[in-house]
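Asker: Take a look at the letters that make up each chain.
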Amino acid sequence: MRAWKEFSKGIIKENPVFVMLLGLCPTLAVTTSAFNGLGMGLASTFVLLGSNIVISSIKKLVPSKVRIPMFIVVIATFVTLVQMIMKAYFPALNKALGLFIPLIVVNCMILGRAEAFASKNGIFYSILDGLGVGIGFTLSLTLIGSVREVLGSNSFFGMHLIDGFQPIGLFVLAPGAFLTIGVLLAIFNSFKKKKD
Amino acid sequence: MSIGSLFLIAISAIFINNFVLSRFLGLCPFMGVSKKLDSAFGMGGAVIFVMTIASAVTWVIQNYVLNPDALLVKADLRYLQTIAFIVVIASLVQFIEMFLHKSLPHLYKALGIFLPLITTNCAILGVTILNIDEGYNFLETVINGFSAGLGFLLALVMMAGIREKLELADVPEYLKGVPITFITASLMSLAFMGFSGMLA
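Protein chains in written order, with numbering that gives the first Met the number 0: chain A, 0 to 195; chain B, 0 to 199.
Okay, chain B solo, but in the shape it has when bound:
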């Protein structure tokens, strides 16, 4: 494993397989929190934070508890993956929230209201399962989690910027609101498809 392959994972997660625009993960916050730039940055930051930590923790759980040849439990518990991961993510989010509240009140104020929403953000559960499916090692898992979050932030912030301008645009009546947002997302996704030539 070299720096090159880590870089490849990062680029692929941010641009080529962007979580929102090509994998369709985390669409609910993408639609819900992209009205203002400030909240888009807050949500994106919270997602990067939780994704990186959740990737690391679930990797440890998969390899030390759930896998058949795991160190701690000598039974094939892989069928418990879905339940175990979602419980871990939910409690992790709760824990991070308490920790931030106590020791980093500034960060808590910025991310606070977005943290509870993250439990049901499918991008988090999605990235942890993808890490296991791809067979990444620990370092690759952390890098993938972080870059997937970064890709999410990128898409969210770009969308928020466009939507702030859209407020002033003259949109056909039936397309106002959500439909035009989807069509904007479609054009963004088309643009992001261009990145897939980068690694060919």
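Next up, chain A with everything else stripped away, as it sits in the complex:
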């Protein structure tokens, strides 16, 4: 049952965005629409999975003094792969995410999992951990993206929603991102308090 625990903890209990507050920059910057959020989430999940697999398999070869630079190089390699794939197959998404694709390298969520989990556990559990945290991240980004898209441009995954609703343009701009995550965090807090 440990396998299920390692997989599921990243989705709700240790959700990287809403509980751990990791990877905030891409979370706020690219979530102007649900689709962009989903794309960013999947790209980060791919990098996280790849780096978790490689790091857990080389953990015995890495001297502990230079482990952080080595982890960063491994992560940067996978980010470069994502950059090339995006440029070749998803040019529109590549343009929308822009600067934040290379910046996956410095997403503290990925280095955090490498340091806290993959460098101490075997490959199997590291894959599950990477998948779970990645899915949690993707879901959170898609949620924030959906809220901002519905309120800010009256559409959901590009589909027009309600006739006659005047979209609140502020939500696709910078202040809307901060406001959305602030309110969502408060809602999550209230759920957590009620449970206790």
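Please note: incorrect hints may appear among the correct ones.
Stated by the list, open to error - In silico EDC-like pairs for lysine to aspartate or glutamate, Cα to Cα no more than 20 angstroms straight-line: (1) Lys192(A) / Asp169(B); (2) Lys86(A) / Asp75(B); (3) Lys94(A) / Asp132(B); (4) Lys193(A) / Glu172(B).
These aren't lab readings, by the way, just hints derived from the structure by calculation.
Let chain A serve as the given structure and place chain B on it in line with the hints.
Answerer: Okay, now just chain B, sitting in the frame of chain A:
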């Protein structure tokens, strides 16, 4: 290129495209180190310092090594940009830390604990990649790096000032802590949007 265009770059990086409040770069330290004014100044100072030097160094690397028509290496190595820049920044931070420790112990004491955190600050990698994307020359790159750091310091210090006052405010229970900080940031970002009319 005139003084005017350099001034424009500086104003744009500090106010209009403020790194934290409109580009969403460097949010982790913005949330983590904005509890006290002192540490906000320390972190901001360290960021200005590293950003300026990192901008200069990565510009040289891009133009003398990675670009296809570079002077030193005659191959198109642009796909290595991400790896090269992050390695350069990480080692640069380490190097600055050792240098300060040895020769400027006072500055080291003030900035010391913030320096290692800076490697994973996306604002640093962000500004170096933006410099290349915008096609800035060397002087513009240095100015942009410095002003982006200054903008970061401004946002961080303002936030720390507000949060120190927030400690005493009566905040609704579920909004306490991080949520209210985000909503404060939202209002600050709204105010900073007003600056975008400055250059119109």
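Asker: Going back to the hint list, which numbers does this structure go against?
Answerer: none
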